[in-house]
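Visitor: This is what each chain is made of:
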Amino acid sequence: MSVKIALAGNPNCGKTTLFNALTGSNQFVGNWPGVTVEKKEGKLKGHKDVVIMDLPGIYSLSPYTLEEVVARNYLIGERPDAIINIVDGTNIERNLYLSTQIMELGIPVIMAINMMDLLEKSGEKIDIAKLGKDLGCEVVEISALKGTGIKKAAEKAVALAQSKKSAEVVHSFDKKVEDAIDAVKVMLGSQVPEEQKRFFAIKLLERDDKIVEQLNTVPDVSNEIKALEDAFDDDTESIITNERYVYISSVVADSCKKNGAKKLTTSDKIDRIVTNRWLALPIFAVVMFIVYYVSVSTVGDWATTWANDGVFGDGWHLFGIKSLFIPSVPSIVEGALNAVGCADWLSGLILDGIVAGVGAVLGFVPQMLVLFIFLAFLESCGYMARVAFIMDRIFRKFGLSGKSFIPMLIGTGCGVPGVMASRTIENDRDRKMTIMTTTFIPCGAKLPIIALIAGALFNGAWWVAPSAYFVGIAAIICSGIILKKTKMFAGEPAPFVMELPAYHMPTVSNVLRSMWERAWSFIKKAGTIILLSTIILWFLMNFGWVDGNFGMLEAEQLNDSILATIGNVIAPIFAPLGWGDWKMAVAAVTGLIAKENVVGTFGILFGFAEVAEDGSEFWGQLANSLPAVAAYSFLVFNLLCAPCFAAMGAIKREMNNIKWFFFAIGYQCLLAYVVGLCIYQVGTLITAGTFGIGTVVAFVLIIGFIYLLFRPYKESNTLNVNVKSVAKAK
Amino acid sequence: MKTLKEVAVGQTVTVKKLSGAGPVKRRIMDMGITKGVEVYVRKVAPLGDPVEVTVRGYELSLRRADAEMIEVE
Chain Y
1 MSVKIALAGN
11 PNCGKTTLFN
21 ALTGSNQFVG
31 NWPGVTVEKK
41 EGKLKGHKDV
51 VIMDLPGIYS
61 LSPYTLEEVV
71 ARNYLIGERP
81 DAIINIVDGT
91 NIERNLYLST
101 QIMELGIPVI
111 MAINMMDLLE
121 KSGEKIDIAK
131 LGKDLGCEVV
141 EISALKGTGI
151 KKAAEKAVAL
161 AQSKKSAEVV
171 HSFDKKVEDA
181 IDAVKVMLGS
191 QVPEEQKRFF
201 AIKLLERDDK
211 IVEQLNTVPD
221 VSNEIKALED
231 AFDDDTESII
241 TNERYVYISS
251 VVADSCKKNG
261 AKKLTTSDKI
271 DRIVTNRWLA
281 LPIFAVVMFI
291 VYYVSVSTVG
301 DWATTWANDG
311 VFGDGWHLFG
321 IKSLFIPSVP
331 SIVEGALNAV
341 GCADWLSGLI
351 LDGIVAGVGA
361 VLGFVPQMLV
371 LFIFLAFLES
381 CGYMARVAFI
391 MDRIFRKFGL
401 SGKSFIPMLI
411 GTGCGVPGVM
421 ASRTIENDRD
431 RKMTIMTTTF
441 IPCGAKLPII
451 ALIAGALFNG
461 AWWVAPSAYF
471 VGIAAIICSG
481 IILKKTKMFA
491 GEPAPFVMEL
501 PAYHMPTVSN
511 VLRSMWERAW
521 SFIKKAGTII
531 LLSTIILWFL
541 MNFGWVDGNF
551 GMLEAEQLND
561 SILATIGNVI
571 APIFAPLGWG
581 DWKMAVAAVT
591 GLIAKENVVG
601 TFGILFGFAE
611 VAEDGSEFWG
621 QLANSLPAVA
631 AYSFLVFNLL
641 CAPCFAAMGA
651 IKREMNNIKW
661 FFFAIGYQCL
671 LAYVVGLCIY
681 QVGTLITAGT
691 FGIGTVVAFV
701 LIIGFIYLLF
711 RPYKESNTLN
721 VNVKSVAKAK
Chain V
1 MKTLKEVAVG
11 QTVTVKKLSG
21 AGPVKRRIMD
31 MGITKGVEVY
41 VRKVAPLGDP
51 VEVTVRGYEL
61 SLRRADAEMI
71 EVE
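Same order as they appear, the protein sequences are chains Y and V. For the first sequence, full-length UniProt numbering gives the first residue as 1, with consecutive numbering after it. For the second sequence, full-length UniProt numbering gives the first residue as 1, with consecutive numbering after it.
Honestly, the hints are just simulated from the structure, not real lab data. Just so it is clear, the structure is predicted and the values come from calculations on it, not from any experiment. The C-beta atom is built at its ideal place from N, Cα and C for all residues, glycine as well. Incorrect hints may have been included.
As the list claims (entries may be wrong) - Here are the computed lysine-lysine pairs in the DSSO-like style, where the Cα-Cα straight-line distance is at most 30 Å:
(1) Y:226 to V:43
(2) V:16 to Y:226
(3) V:43 to Y:176
(4) V:5 to Y:659
(5) Y:175 to V:16
(6) V:43 to Y:269
(7) V:43 to Y:121
(8) V:35 to Y:185
(9) V:35 to Y:176
(10) Y:125 to Y:151
As the list claims (entries may be wrong) - Below, a sample of chain Y positions facing chain V; criterion: calculated Cβ distance under 10 Å:
(11) 88
(12) 140
(13) 251
(14) 267
(15) 269
(16) 277
(17) 279
(18) 682
Claimed, not checked - Here are the simulated distance ranges between beta carbons:
(19) Y:687 to V:48: 51 to 57 Å
(20) V:44 to Y:41: 41 to 47 Å
(21) Y:217 to V:48: 49 to 55 Å
Make a model of the complete structure from these sequences and hints.
Guide: As structure tokens, then:
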């Protein structure tokens, strides 16, 4: 018989460390159905039939955050056989608050007090026998980091699960509150098992709208609520929260010996400097510079160049030694295909489709690994919470989190790790908003397009490149303001009441594990979409009709390809943007493989097999084929529209929801189109004085845009999650 | 009537009452800011918002707009 044990506890209490210690490498990481909350499951070391479920870190079982709703639905709906409640011994009062709620679920509970060693160092003591008696469950001491006591805790949990002895609620609130709870318990009748009645009764009294969905008949408790609220002059939710803390204070006073004199801990000393009023911003800038410099400019750049130009390009030299040449994957595969006499189209498919697609996925991985080490370190040492603290004031105006700064900074190098870096943002709304807007920042691959347009049409004017960044930042700010007022985003509240955990040195194994989990999820979840789309586009570019015969084309016959046909069909769509030429449309489409491809595609279409990175060979031809305003509109469109397939894969991975993925891509393309259109139409009005339907449309769009920016809105208070689907889907 | 928003850095105050309703209030209370608890205002972020307080032995950051919901003395 298999036993299910859930790990529950506050964020930053050492839950992940304990989970890793209990399960080792025997883990399965996924997502809870329908939401982007991470779900981790593993088998207890040495017990094949014991499954450990790592619940999201939560402070309470309130209905207001996704993590809390997910955790409580699991606890109520799936009913694990036992719960290990991890409690941070150095922060016991707030940690016990969740414990009092877990005790009410009618599931066997064992409490594991973590960080006892730290506590002893500071001269404080917890009498665990007394604490256990006061709380009505067994209490054990552990140190998740050192691994002490965890085996005992796990074995006790297994024994407890098999005995099926559910936790008995020994805590009690004020008499009036208890009377009301008893009255509601009676009303619940037989639809709720006896041991869960207290939980349901309290939730009903708290007016918890999510619990109502889990009951067949909802008793009318308005009289009880009213009586309580009149007696305490507060709302029931607050009354019960208050009662819990009153109870906890009495328990803590009874069983914990606090150190009277407050000493400044090392963590306090670090924090004094790191978030100092004057030093915080310079320190933040230095930290960000190091992250950027290492993960984008130097190590990250070498890693990407090595992966893209070496392993998947022209080959590379082991340790840089000339004689140790290692051929690239494509050339090895090509050699093998030639040796077996493979048909042209098949080797084309394998080389330019599949191998190139795999290369597009794996090429980003080395750089990501570097970045993820930084992120894991910053997160687990406690600095990431300070980043949110320092930057909150600026970013919250645009519906973003202070932590959005990092994805955007990384996005200037490459959007793929940029999007993946959004994982550090806990708040669902802030994270989605960040994912949608990060790729607006011009990444490294968009620089050749900027250089091309600036060089060909603006004589290399100094302002073109800065204006591209300005457009990107403006797009982020405007999108933030507009989107936070839309229905898609308005539903979720974002209280910024955040714990600033104590600084500590993360363990190497935790950092590496977090790095690998994220990189692997990119390869697995983003890989398929990147690979598939690369293959499809390869087919469209390399096949077509020449003299009535369908077949594979040479590279310079791109204008006979299926893609060119499609380009001809879709070109009129871009006419209002000033670049209705099919060549431009085709170039924009090939930009989806990688943005720098836009320049190369132009080269082929203008009759050059090889061109420089900025395409200087055909500047003259390009300048003759369209006016400067149209070229700028083309540039802006390419900056803002859907990013490359790799970045789209990352977006899909991070959204973890197909509807949100299409919403993000659709929004980006729509915004790019509207901005491109307005630039061209208003631009031609100013430069050439042309006035037509397009100009009118542009002005209507601008007015609409301004309306969307400034329309009033009210932040909603309810969490928009379909609880039933989360609870039932498995 | 004084709220936590007006408390100067370095001062310790006692919470008297919480106004407002809904998720923000619940969250503030979940984090341990309840009637009668002592709150020490530790510092203000470099840009003037949010503030960092010590409550029940740990550090918490909250926005000034939310701090306004907390009546203190």
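Visitor: Indicate, hint by hint, whether the structure satisfies it.
Guide: Going through the hints against the structure:
| no. | hint | verdict |
| --- | --- | --- |
| 1 | Y:226 to V:43 | violated, 40 Å |
| 2 | V:16 to Y:226 | holds, 22 Å |
| 3 | V:43 to Y:176 | violated, 39 Å |
| 4 | V:5 to Y:659 | violated, 41 Å |
| 5 | Y:175 to V:16 | holds, 22 Å |
| 6 | V:43 to Y:269 | holds, 13 Å |
| 7 | V:43 to Y:121 | holds, 26 Å |
| 8 | V:35 to Y:185 | holds, 27 Å |
| 9 | V:35 to Y:176 | holds, 18 Å |
| 10 | Y:125 to Y:151 | holds, 22 Å |
| 11 | 88 | holds, 9 Å |
| 12 | 140 | violated, 22 Å |
| 13 | 251 | violated, 13 Å |
| 14 | 267 | holds, 9 Å |
| 15 | 269 | violated, 13 Å |
| 16 | 277 | holds, 6 Å |
| 17 | 279 | holds, 8 Å |
| 18 | 682 | violated, 35 Å |
| 19 | Y:687 to V:48: 51 to 57 Å | violated, 44 Å |
| 20 | V:44 to Y:41: 41 to 47 Å | holds, 42 Å |
| 21 | Y:217 to V:48: 49 to 55 Å | holds, 52 Å |
Violation of the numbered hints given earlier is confined to hints 1, 3, 4, 12, 13, 15, 18, 19; the remaining hints are satisfied by the structure.
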